[in-house]
Amino acid sequence: MLAPALLPAGATLCLFRMPPNASLHGIATDGLMRWNLIALLACFTAAHLWLVVAIFLRKQSTANAVISQQKKNNIVPNAAGKSQQAQPPAPHHAFSLQWLLLPILCAMYIWMAVTAQHLWAADRFEGPSPGAMQVEVVGQQFVWYFRYPGQDAAFGITRPSLVNAATGNPLGLDPQDPRGNDDLVASELVLPVGREVDLRLRSLDVIHGFFIPAMRLKQNAVPGLVLHVHFTPIAVGIYPILCSQVCGSGHARMQAELRVVSPSAYQDWLKAKEQQHQQEAAQ
Amino acid sequence: MMKRIFTTSHRVIGAHYLQLSLTAVAVGTLLSLLMRIHRVWPDTPLPFYGILKPEDYLALVTMHGTLMIFFVLTTAPQSGFANLVLPAQIGARQMAFPRLNAAAFWLAVAAFVILISAFFVPQGAPISGWTSYPPFSAIAAAGPGQGAGMDLWLVSIGVFCLSSWLSSVNMLATILTERCPGMTWTRLPMTVWAWLVTSILTLLVFSVLLAAIVLLYSDRHFGSSFFVPLGDIVNGHIVGRGDGSPLLWLHLFWFFGHPEVYIAVLPGMGLATSLFANFTRRNVPGYRTMAAMLVLIGLLGLAVWGHHMFVSGMNPYAGTAFALTTMAIAVPSTVEVLGWLTLLSYGGLRLKTPMLFALGFLSFFIAGGLTGPILAQPALDSYLHNTFFVVAHFHLVMAMAGVFSIFAGVYYWFPLLTGRLMNETLGKVHFWISLIAAYGTFFPMHLTGLAGEPRHYERLSGPIASFSAILPAERGITYSALLLAAAQLLFLWNFISSARRGQRAESNPWQATTLEWAPEGFAVRVEHGPYDYSVPSGEAKFIPQWEAASKQE
Amino acid sequence: MPATFTRHPVEIERKDTGIGGKPPLDRRPTGGGGDGDNWDNRPSGRRGPRELLSRYRLGVIFALAGDLMFFVALVSAFFVRQSAGHFDARENYVSDWHPLAVPPILWINTAILLLSSITAEMARRQLFREIDVMEEWLGLGRPAVKRAAPWLIATVVLGSLFLVGQWIAWDQLVVAGFRFDSPDPSSHFFYLITGTHGLHLVLGILGLVGALIGLFTLRRIELRQIVVDCTAWYWHTMGVFWIFLFALLVLFQ
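Chains as they are written, first to last, in the numbering used here: chain A, 1 to 283; chain B, 1 to 553; chain C, 1 to 253.
In isolation and in its complexed conformation, chain A is listed as follows:
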C-alpha cells in the first residue's frame, strides 16, 4: 500500500541522490522535498533564461522591451506581491498576465511554508505516542552507545563519575539503582519494523549530531540536555548512522549501524542480549 505512494517521490529523489526513505514521517517530508527541488530548479532556469535573453537583447524602446519581456515572463521566479514598483509600466494585456502570475506564485510559496510548518509541528511539537518503545542514544568521542531499558521499561541512573569504558560501564550506570540492572548497552541500534520508537539523546562530552539519512532524522546530542526525537521505521534493512556535528578528529569515523528487523527477529536479538547481559552480571 505504501509502495505506490513512495514511488513517485522516491523515484524523483533518487535522481537527486537521496537514499530511499524508510520512515513513516519521511513520506510526507520527501514529498515536500521533491516539490521544493523541482520549484527551485524551475526558478533557477527561468531566472537565468531571463538573464541570457536580457544580455542578447538589443537596445529597445521601453514599450517593445517590455512586451517581449512579458512573453518570456511566463515562468517568472518566486516573487512577492509587492514588487510592482520595480516593474516598468506595461501595456494592458501583458499587465493582466503579470497580475495573475505573481499572486499565484505568492500563494504557492505560502502553501509551501504552511505545509512545512505542519510537518514540523506534527513531528516535533508532540511527543511520541504512549506505546512507543524507548531507546537511549549516548554520543561520546567517537562512538554511539545505545541503551535499552530492559523488562522494567525504565532507565537506570547514570553518573559521570562512574563512566569507565574499560571495565564495561561506558555510560556510568549506577549499580545502586535497581532499575539499571536490566539495562542493555549495545553499539548497534536494532529496531522492530513498524513500531514507533522514542530516542533519548544524550552526550557525554561535546555536541554530536545524531543523523540517520534513511530515516530522515537528525538531532544534535547536547551534553547537559536530554533530547527526544521519535520516528517509525517502515522498511527492513541496514542503515548507517552518522555524526553530523564536528566533534573532533574522529568525527568522520563516528558511525553506527541501524538494523531494522522483523518483530520476531527483534525479540530474538533482545533475548540473546539479555542472556549475554545476565551471564556477564553473574561473573
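Quick caveat, the hints were computed from the structure, so don't treat them as lab data. Please note: incorrect hints may appear among the correct ones.
Unchecked claim - If you anchor each label on the Cβ, the simulated ranges turn out as follows:
1. B:G440 - C:G195: 50 to 56 Å
2. C:V202 - A:A153: 57 to 63 Å
3. A:P175 - B:S461: 35 to 41 Å
4. B:H221 - C:E121: 36 to 42 Å
5. C:F244 - A:I38: 50 to 56 Å
6. C:R125 - B:Q511: 16 to 22 Å
7. B:P122 - C:V202: 29 to 35 Å
8. A:P175 - B:L299: 45 to 51 Å
9. B:L483 - A:F56: 55 to 61 Å
10. C:A176 - B:K3: 53 to 59 Å
11. B:H221 - A:R179: 38 to 44 Å
Cβ atoms here follow ideal geometry from the backbone N, Cα and C, with glycine treated the same way.
Go by the hints and put chains B and C onto chain A.
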C-alpha cells in the same frame, strides 16, 4: 615614514584593507585546495608534509572558514571599498574620524597576524570549525589544537570585533555628517545605502560576538562554566564543575553569525545596482524600493538566527518562529532580484568586465538564494542541516556572489586607483573560467548533500557508511576547484601588469554618474540623482551628479 | 501648535535666478537666508560653531550603541541562565539558580557613582558658558579651564572610590566563599557583570585624565569642549548602565 605607515588617508587605508583581504584570500584558497585534494586522495602524502591527519583536515576547515568570512568577506566589500570611494561618493573630503579609521585597520592586521600564528603553536590551529561550538571549543583536552590554537583564535577574533566596532562608528558618522550640500538621502548611490545598513549591522552584532568570546575565554581559563554543563567528561576526566549551557553559545554566536552573512553580501548588492545602472545606461526606476529592501533585509536579518539551530536542541516552537521570519526574508530579497532583472531587461547592455562580474554576482545570488527557502523549512532542514547542501548554499550565495562583487569592484574602480584600465580580454577570460569553475565546484555539492554527506568529514569512507558512490562527483568538484584557483592567477597577472603598463584611462572611463568619478575641483554641490543615465544633457546622454543645475529649470 | 502662535507676514526674500522673470517665493514664515538654514545643505566645515562637536557626539553615541549590545548580550545570558533548571524525580521543574545576595557596600558605591556623574556634568557645563568662551576669545585668560578642572578631578576621585568599593565588595564575596570559579553560576555572573562594567569605568577614568590633560594643552576651545563633553557623556552612560545592572543584580535574581 611613520606617517606613511600609519596614514590616515582613507584611500590609502582602503587600498591597505584590500591588500589584507588579498593575502587572506590567497591563504584561505590554498587551505581549501588542500582540503579538496585530501578528500579525494586521502592517503596521498603532501609534499613537505606527509599525509594529512584528520585533525589537520579539520584545522584547514576551521581556518579556511575563519579567514574567508572575517578577513575577506567582511573586510573587502565593506572596509576596503568603502574607504576607497565612500567619501568621494557623498562629496566629502575625508572620513569623519580618520585616526579611528587607521586604528581600526591596524587592529584588523593584528587580528590577522594572531590568527595565522595559530598554525605555528604546538598542536597547531583549532579544529572546532569557524563556529567553535562549546564544549568542544571550551575544553583544551577535547582535541588537538584546542589548547593554544583555540586561545589564539579567540584573541584574534576578539581583536577583530574591536576593529569592526571602530570602523563602523567611523562609517556611520561619515555617512550621517559628511554628505555635501544637496546630497539628500534619495540622491545617495545605492552603494552608500548598502554601506549604511552594513555599518549598522556591524555595530550591533560584533559586540555580541565579543561578549560570547569573553565568556568562552573565561570558561577556558578562569574557571567559570557559562557553556560547559555539569558532569561533562572529556577523555575520562570530569571537566564540568558548574552548570553551563552549550546552547547559550549557539544563540549568542548565531545572533552575530546570521547578520554577519548579510554584512558580507549587502555591499555587493548595492554595487550590483550601481553597475547595472551604469552599464545599461538606465536610471533605477525603483530606487526607493531597492533602498528600502536593503534596509528591510538588514533589519529582518537580526531576527532569523535560529534557522541555524533547528536541530540543535532549541525549543521546536522557537524553530517555527524562526522559520517564519526566515521565509519572510525571502520577500525583500526576491523584490531586489526582480528589480535587478527588470533593470537589465531594456537591452543594450555594455558587457564590460565589471558588468560581467556584476551579472555573475546576480547569477550566484539567485542560485544560492533559491536554496535558502528549502533550508528555512525545519522539516527539510532536519535532513539537510550540516550536509554539503548547506555548504553549496552559502558558498554560492555568500562566497561566490561576494567574491564576484569584489572582482566587479576591483575592475570598476581600478582606474581610480591607478589611472589605467585593466585588460578587457584577460578580464573576460578570467570571468568565464571563474564562473564555470565556480558552478562546477559548488553545484554538485547540492547532490552530495542530498545524498546525506555530512560536513567536516575528512574522508568519504567510514567504518560503516561509505560515500564512495559520490566519489566521481567529489573528484569533479576538486578538479573544478583547482581550475577556479588557477583562474585567479590570471586576475593577479592582469592586476599587476595593468597597474604598470595598462591602457591609460580617461577620466570617467565608464561614463558613470556617481561622484567618485568627478573631475578635480568640481563645485561640491549636488543637484541630481545618482543614476541619471538616459537623460540627455548637452552633448552627453547622461547627467553626472557633479553637474550643476541646468539653467533652463 | 500653541494658540498663541501667529504667522507674521515677513518680508519674503526672493532669489535672482539669472534668467529674468519672477524668482520663486520663499514661503518660510521665519524668513531666513536662502538654503543656509539647512544644516546639511552647507559644505562640511561651514555648518556652524557646534559642527565638530556634533560629529564627535554622534561618534560617541554610535560607539556606546555597540557597547550597549555587549551588555545586552551579557544580560541575555544572565536571564537565560536563571531560567535553567532540571526535572526532579517527581517531574517537577526545579530551578538551578541560587540568587546571590549583593554586598551592601554596592549601595554606597552606586551613590558615589551618581555623585560622580553630577560632578562630571558640572565640569561639562563649565565648558559651554558663553561668557567664558567670549573671554577666552578676547584673550582674557582661560576661565573655563580653571572652573572645569576641579570638577573633573572630583569625578576622577569619585570614580576611583567606586572602583575601590567594587574591589572591597569582591573581597567580601571571596571571604564568604563565592569566588569567580565557584561552581555557582550566580557568582560567575556577578563577577562578570561588575567586572566588565568596572573595566569600562577604568577606561572612563583614563579618558577623564586625558580630558584633564587636554584641557590644559589643547589650543582651540572647540577641541577642549569636545574632549570634556564626550568624556562626560561616556561617564554618564556608564552610570546609567550601572543603574540597570545594579537593579538587575538586586531585583532580578
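For each hint, the structure was consulted:
1. B:G440 - C:G195: 50 to 56 Å: holds, 52 Å
2. C:V202 - A:A153: 57 to 63 Å: holds, 59 Å
3. A:P175 - B:S461: 35 to 41 Å: Given about 39 Å between the Cβ atoms, the range holds.
4. B:H221 - C:E121: 36 to 42 Å: holds, 39 Å
5. C:F244 - A:I38: 50 to 56 Å: The hint (50 to 56 Å, Cβ to Cβ) holds, given that C:F244 and A:I38 are roughly 52 Å apart.
6. C:R125 - B:Q511: 16 to 22 Å: Cβ of C:R125 to Cβ of B:Q511: about 55 Å, so the range 16 to 22 Å is violated.
7. B:P122 - C:V202: 29 to 35 Å: holds, 34 Å
8. A:P175 - B:L299: 45 to 51 Å: violated, 57 Å
9. B:L483 - A:F56: 55 to 61 Å: violated, 27 Å
10. C:A176 - B:K3: 53 to 59 Å: holds, 55 Å
11. B:H221 - A:R179: 38 to 44 Å: Holds, at about 40 Å.
The structure is inconsistent with the numbered hints 6, 8, 9, although it conforms to all the rest.
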